[in-house]
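Asks: Assemble the whole structure, with the sequences as input and the hints as a guide.
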Amino acid sequence: MPCANQRRRLPKGWRRLLTKALGNMSIRNKWDFPDLGLGLGLRTVHYNHILEHNPAVDWFEILSENYMETEGRPRKILDQISEKYPIVMHGVSMSLGSTDPIDFNYLKSLKALAERVNAVWLGDHLCWTGVARKNGHDLYPVPYNEESLRHVIERIRTIQDYLERPLVIENPSTYLTFKSSTMSEEEYIFRMAEESDCGLLLDVNNVYVTCRNHDLDPDSYLDSIPYDRVVQIHLAGHTDKGTHCIDTHNDHVIDEVWRLYGEVHKRTGGRSTLLEWDADIPEFNVVHEEALKAKRYRNEVEVVDV
Amino acid sequence: MSEPSLDQLERWMMAVVTHPKGSASGIESPQACSQIPVSVDEIAQVVLPSKNLTSIERLDIYADMYRWRLVDILTEEYPTLSHLLGKNAFSALAEEYIALHPSEHYNLAALSQHFPRFIEEEGSDVTHREFAAEVARLERAMEEVYDAPQKDPVTSEEFEKIPDEVWGEVHMDLIPALELLSFSYPVDEYVTSVRENRHMDIPDPNPSWVVVYRNDFTVWRSGITREQHHLLTELRSGQSLGEALMSCAKLPNVDIGALSGNLKVWFQNWTGNGYFCRLR
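Residue numbers (the numbering used here), protein chains in the order written: chain A, 1 to 306; chain B, 1001 to 1280.
The set of hints was computed from the structure by calculation and includes no laboratory data.
Where hints are given, some of them may not hold.
[Claimed, not checked] Quick look at which bits of chain A chain B covers, simulated, 3 or more residues with Cβ under 8 angstroms:
{"#": "1", "segment": "60-71"}
{"#": "2", "segment": "98-109"}
{"#": "3", "segment": "211-218"}
By construction, the Cβ of each residue, glycine as well, lies at the ideal position given by its N, Cα and C atoms.
Replies: In structure tokens form, the structure reads like this:
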């Protein structure tokens, strides 16, 4: 008996064919969230530069938790920056996959912050960060099987109802495969998005890292993404250990990730794109210039060669 | 082996990747075995290898990141203590702390809330323990003041509106972003020297008092006298100014004349630094 996604999914390669047929037309996301352009992750070391120079950045993404339990300088700076730039919130503590109860105190703070900064949208990751009240402060992988899928979908629905807005959920970088997984990550994400009616943040670097770590083909991965649900794209650098890659956000985006970004752009026609640089952070202008490289792909009109 | 439930798998993985001795030890820990009873040799029944990495190596990526991340956070929060103890000794203590007091809150700033007490009472092989614990207490106070609730300070004009005859009955609420600390060592001086990259030997015991406060969203430290510390502590506890001053006057060896003569300047400075958020 076919499962739900098999009934809805079109044959592999369909999206490339559609892209070819439509040229570089934009595939709108189902919520009509705007293409904000090229944004940067807001980082402490750049606060002064941003306030002094008002750089021509299209938008900023904040790590939600950095501004939730403080009324000090980070909150003050954010208030100033949110008056000048669109803000998107991206969190790491929703713990969608955890079997612990949903933390509604966390959600209450998150919702209040979203209203305070007038967040254009907010999201988190497909992961769990702790269990049994112990927090590992990492993005741990879920097993890709029916039990966890039902669990994650139910939690996304509950959280979306509480927050009164769709969540925009990011595909993770993962470093291990559970034997109890029964489907691919991309199939899991497709079904999760369709059945919970959430948005997706497609982290192209995570696609690359995950595919390297699991011996998968990133182009095939991208074939399975429901692009009408993709609201945002992430780009970042990573550390290549030879045997595996770690999503360290500490360097420039590598050429292969740029190529994948170009593929994604051809399939969406333009999505808000964010560069993350979280370790060994260089001067603001270096980070900004890295983000602006995305213009090469965003300005391209070439269609996909199927 | 039957497939583990999601809950079993998560509890198992948490026990494995947060084990102080790494994944292999974690797999055979009672916490992990109570969820999924597999040995290191059988680990592929839970986590598959990749083309390049064994199952244990894949788990170790998460285990290493857990320790590195949390030790890094503690090192950033306690730079003077790390300097005092040395990088390796501090890292070992940080790992011991994390094992004893794992994080339970999404806010990483809460991770080290028990660290000063750990240094004082629990950590093994803490050199200069008493001094180290005081350094930890000051650095933790700076962290807490950084994030504390914001209250707008009262202005000097508001002080001037208080009629002379009611001064004794006035209650002065201190801002939440202010901590009063007393030490057996000149800790503030040491912290300043380390942060300014100036060498300072570990000082001899000598009582000191410090106020850590936030003004215009910047955290400041200031050495204060015993009398100042006592007066502000009494005000914070809810005593009126008159009651607080009476309490101050009862301190051993207090110079009442100097105390009363200094009050005006003290309050001018404290008001200028935004110590008070309400007069009532």
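Asks: Determine for every hint whether it applies to the structure shown.
Replies: Results for each hint:
Beta-carbon proximity to chain B at under 8 angstroms applies to 5 residues in the segment 60-71 of chain A; the threshold of 3 is reached and the given coverage holds. By the rule of at least three residues with a Cβ nearer than 8 angstroms to a Cβ of chain B, the coverage given for the segment 98-109 of chain A holds, with 4 such residues. Counting residues of the segment 211-218 of chain A whose beta-carbon sits less than 8 angstroms from any beta-carbon of chain B gives 3, enough to reach three: the coverage restraint holds.
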